[in-house]
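Visitor: Kindly produce the complete structure, drawing on both the sequences and the hints.
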Amino acid sequence: MQTLKPKPKHRPFCFSVKGHVKMLRLALTVTSMTFFIIAQAPEPYIVITGFEVTIILFFIILYMLRLDRLIDCLFWPLLDIINSLVTAVFLIIISVLAVMPETTTFTVLGGVFGLLAAVCCMADGALIYRKLLFNPSGPYQKSAIHDKI
Numbered sequence: 001m002q003t004l005k006p007k008p009k010h011r012p013f014c015f016s017v018k019g020h021v022k023m024l025r026l027a028l029t030v031t032s033m034t035f036f037i038i039a040q041a042p043e044p045y046i047v048i049t050g051f052e053v054t055i056i057l058f059f060i061i062l063y064m065l066r067l068d069r070l071i072d073c074l075f076w077p078l079l080d081i082i083n084s085l086v087t088a089v090f091l092i093i094i095s096v097l098a099v100m101p102e103t104t105t106f107t108v109l110g111g112v113f114g115l116l117a118a119v120c121c122m123a124d125g126a127l128i129y130r131k132l133l134f135n136p137s138g139p140y141q142k143s144a145i146h147d148k149i
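Here the sequence shown is numbered in UniProt numbering, starting from 1 and rising by one per residue.
Note that these hints are calculated values from the structure, not bench results. A virtual CB, placed ideally from N, CA and C, is assigned to each residue, including glycine. Treat the hints loosely; a few may be bogus.
To be verified - Here are the computed lysine to aspartate or glutamate pairs in the DMTMM-like style, where the Cα-Cα straight-line distance is at most 20 Å:
id, residue 1, residue 2
1, Lys18, Asp68
2, Lys18, Glu102
3, Lys131, Glu43
Unchecked claim - Here are the in silico distance ranges between beta carbons for each label pair:
id, residue 1, residue 2, range
4, Pro77, Glu102, 34 to 44 Å
5, Ile37, Ile61, 15 to 25 Å
6, Ile37, Asp72, 34 to 44 Å
7, Val119, Leu65, 42 to 52 Å
8, Ala126, Phe15, 15 to 25 Å
9, Leu70, Thr104, 39 to 49 Å
10, Cys14, Pro44, 26 to 36 Å
11, Thr104, Cys73, 44 to 54 Å
12, Thr105, Leu70, 14 to 24 Å
13, Arg66, Ala27, 15 to 25 Å
Guide: Quick look at the structure:
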């Protein structure tokens, strides 16, 4: 007798842990960029944080509209992990330079929020990596030998 497995309930991206971390990452990066703009910090600080805001917003829209399932020619989790790591490196460099002495208060606040955003980037990358290890899909999915026969 074959038992029916209940279909897993789809959890929207906005209500998942990954969604909350990405939204927090977006908020911290926007805050950091705003402080850099107010302080009239050097242009690379503003440009890099603005570019990261754009990329984070792209990934949030991608996951909310479930386009990652529709566009399956790219391996989206790997792109997201690479983005998280590169963003963390850039934000750490910029934030450390912004917190150095002889800067304004708003530049220091932008650097602090940038460091917090870098921590969120690493947490986001770790969450995606963990999901990738525990929930493989596609050609990386493990299956039992008796399923193939």
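Visitor: Compare the structure with each hint and give your call.
Guide: Evaluation of the provided hints:
For the hint linking Lys18 to Asp68, the alpha-carbon distance of about 14 Å falls within 20 Å, and the restraint holds. About 37 Å separates the Cα atoms of Lys18 and Glu102, which puts this hinted pair outside 20 Å; it is violated. For the suggested pair Lys131 and Glu43, the alpha carbons sit about 36 Å apart, so the restraint of at most 20 Å is broken. Checking the proposed 34 to 44 Å range against Pro77 and Glu102 shows it holds: the Cβ atoms sit about 42 Å from each other.
Roughly 23 Å separates the CB atoms of Ile37 and Ile61, a value that falls within the hinted 15 to 25 Å. In this structure, Ile37 and Asp72 meet the distance hint of 34 to 44 Å, their C-beta atoms being roughly 38 Å apart. Under the hint 42 to 52 Å, the C-beta atoms of Val119 and Leu65, about 27 Å apart, miss the expected range. For the pair Ala126 and Phe15, the supplied restraint of 15 to 25 Å holds, since their beta-carbon distance comes to about 20 Å.
At about 45 Å, the CB distance of Leu70 to Thr104 agrees with the hint of 39 to 49 Å. Checked against the given bound of 26 to 36 Å, the beta carbons of Cys14 and Pro44, roughly 32 Å apart, stay inside it. The supplied range of 44 to 54 Å is met by Thr104 and Cys73, whose beta-carbon atoms lie about 46 Å from each other. Between Thr105 and Leu70 the CB atoms are about 46 Å apart, so this pair departs from the stated range of 14 to 24 Å.
Taking the beta carbon of each, Arg66 and Ala27 are about 23 Å apart, inside 15 to 25 Å as hinted.
Checked against the numbered hints listed earlier, the structure breaks hints 2, 3, 7, 12; every other hint is satisfied.
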